[in-house]
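Which chain is which? The protein sequence lines are V and Y, in order. Just so we're aligned: the first sequence equals residues 1 to 149 in my numbering. Just so we're aligned: the second sequence equals residues 1 to 139 in my numbering.
Everything labelled a hint here was simulated from the structure, so no lab data went into it. Quick caveat: nothing in here was measured; it's all calculated off a predicted structure. One or more hints might be untrue.
Sample of chain V residues at the chain Y side, in silico, Cβ under 10 angstroms [stated by the list, open to error]:
#1 L33
#2 A95
#3 L116
#4 L127
#5 S131
#6 I135
#7 V138
#8 R142
Listed next, the in silico SDA-like pairs over lysine to any residue satisfying Cα-Cα at most 20 angstroms (straight line) [unchecked claim]:
#9 K11/Y <-> I146/V
#10 K83/V <-> I146/V
#11 K15/Y <-> E57/V
#12 K43/Y <-> M119/V
#13 K11/Y <-> M119/V
#14 K15/Y <-> R56/V
#15 K83/V <-> G93/V
Simulated restraints, written as ranges between beta carbons of each label pair [said to hold, decoys possible]:
#16 A41/Y <-> I81/V: 19 to 27 angstroms
#17 P61/V <-> K43/Y: 41 to 49 angstroms
#18 R60/V <-> L88/Y: 24 to 32 angstroms
#19 L129/Y <-> G67/V: 44 to 52 angstroms
Where a beta carbon is used, it is the ideal one built from N, C-alpha and C, also for glycine.
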Amino acid sequence: MPLRRFGWAGAARGAGVAAAGVADTLSAVIGALAVVTHVVSLALAVWAFVEFARHREPGRPLFLGIGVVEVLVVLQVIVLIVKLAGGQGPAEGSAQVTLIGYLITTVLLPPAGAVLARMEPTRWGSLLIGSAAIIVPVLILRLGQIWNG
Amino acid sequence: MAEPQQTPLNKPLNKGPGRVLVAVYGVFALSAGARASVQIASKFHEAPLAYSLSALAAVVYIVATVALARSSAASRRVAFAAVGFELLGVLTVGTLSLADPAAFPDATVWSEYGQGYGYVPLVLPVIGLWWLWRTGRRT
Chain V
1 MPLRRFGWAG AARGAGVAAA GVADTLSAVI GALAVVTHVV SLALAVWAFV
51 EFARHREPGR PLFLGIGVVE VLVVLQVIVL IVKLAGGQGP AEGSAQVTLI
101 GYLITTVLLP PAGAVLARME PTRWGSLLIG SAAIIVPVLI LRLGQIWNG
Chain Y
1 MAEPQQTPLN KPLNKGPGRV LVAVYGVFAL SAGARASVQI ASKFHEAPLA
51 YSLSALAAVV YIVATVALAR SSAASRRVAF AAVGFELLGV LTVGTLSLAD
101 PAAFPDATVW SEYGQGYGYV PLVLPVIGLW WLWRTGRRT
């Protein structure tokens, strides 16, 4: 997958090397936020997959976990919207439309997964939460790619 | 969600593993649809074949998602057609994109057997067909 070349971590490192400034500090913060989101989301996914393998329905902790992921995603999206409104990010119109589409999808995915998992109080509900949790990092990587052009 | 109508002989399509399948199909329907719309609206002339295929793939994903989620006797047949078409599509386009890369200057969901999407487009229809077969067996 071509995903590994970009990503927020890469952007943050690049920014750190370039020069210190408000914008760069901001990128670093977003980079850190993206890293935290990745770690939390992937850990939740592993946990949910284990629950699935153990034939267990999703319990309160898994729903809480997907809630935490949603909070992190919302923070990330707010920061990006502020930066986008400030004239940063992709200049091309179609890239901006794609970016906004990804922002909406990323925010909606964890709640959608939670709602579906609520409707499915079986081991498959755990797999639903795991699926949502593993798609979130992919969406954030794509967001980073689109943002960096 | 409304209670699905099912024939008494078939297991519901949209429960258990089926709900996970519907969710993943939904994500693909959304992403393929959005991608195709942006490509066609902004730069259709650059790669007409690839973008037309993107749009076709998106429509097939949307049809498959809705058909799986509805889980009626009729939608079971629609889902079978859509998922089967998808498998044919990913195999055909995957092979063509490797054999004649010039015809595909920009990627589609199905290029190189869905490599850009972690091969999920290749795996998904296989799981879909298995699920249709499993739930379709007379109980």
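Taking the hints in turn, this is what the structure says about them:
1. About 23 angstroms separates the beta-carbon of L33/V from the nearest beta-carbon of chain Y, more than 10 angstroms, and the hint is not met.
2. At about 9 angstroms, the closest approach between the beta carbon of A95/V and any beta carbon in chain Y falls short of 10 angstroms, and the interface hint on this residue holds.
3. Checking L116/V against chain Y by beta carbon gives a least distance of about 5 angstroms; that is within 10 angstroms, so the hint holds.
4. Hint on L127/V holds. Least Cβ distance to chain Y is approximately 5 angstroms, under the 10 angstroms limit.
5. This hint holds: S131/V has a C-beta 6 angstroms from the nearest C-beta of chain Y, less than the 10 angstroms allowed.
6. At about 6 angstroms, the closest approach between the beta carbon of I135/V and any beta carbon in chain Y falls short of 10 angstroms, and the interface hint on this residue holds.
7. Evaluation of the V138/V hint against chain Y yields a held restraint, the C-beta minimum of about 8 angstroms falling below 10 angstroms.
8. The restraint placing R142/V at the interface with chain Y holds, with a minimum CB-CB distance near 9 angstroms, inside the 10 angstroms limit.
9. Of the supplied pair hints, the one linking K11/Y and I146/V is violated, its CA atoms being roughly 42 angstroms apart against a limit of 20 angstroms.
10. Annotation: proposed proximity of K83/V to I146/V holds, straight-line Cα distance about 14 angstroms (limit 20 angstroms).
11. Restraint check for K15/Y and E57/V: satisfied, since their Cα atoms lie roughly 14 angstroms apart, inside the 20 angstroms limit.
12. For the suggested pair K43/Y and M119/V, the alpha carbons sit about 41 angstroms apart, so the restraint of at most 20 angstroms is broken.
13. Between K11/Y and M119/V, the direct Cα distance comes to roughly 17 angstroms. Compliance with the 20 angstroms bound is thereby established for this hinted pair.
14. The hinted pair formed by K15/Y and R56/V meets the criterion: a straight-line CA distance of about 16 angstroms does not exceed 20 angstroms.
15. Using a Cα cut-off of 20 angstroms, the hinted pair K83/V and G93/V holds, with the two alpha carbons roughly 16 angstroms apart.
16. Checked against the given bound of 19 to 27 angstroms, the beta carbons of A41/Y and I81/V, roughly 22 angstroms apart, stay inside it.
17. For P61/V and K43/Y, the Cβ-Cβ distance of about 46 angstroms falls inside the hinted range of 41 to 49 angstroms, so the restraint holds.
18. Remark: the range hint 24 to 32 angstroms for R60/V to L88/Y is contradicted by a beta-carbon distance near 44 angstroms.
19. For L129/Y and G67/V, the Cβ-Cβ distance of about 35 angstroms falls outside the hinted range of 44 to 52 angstroms, so the restraint is violated.
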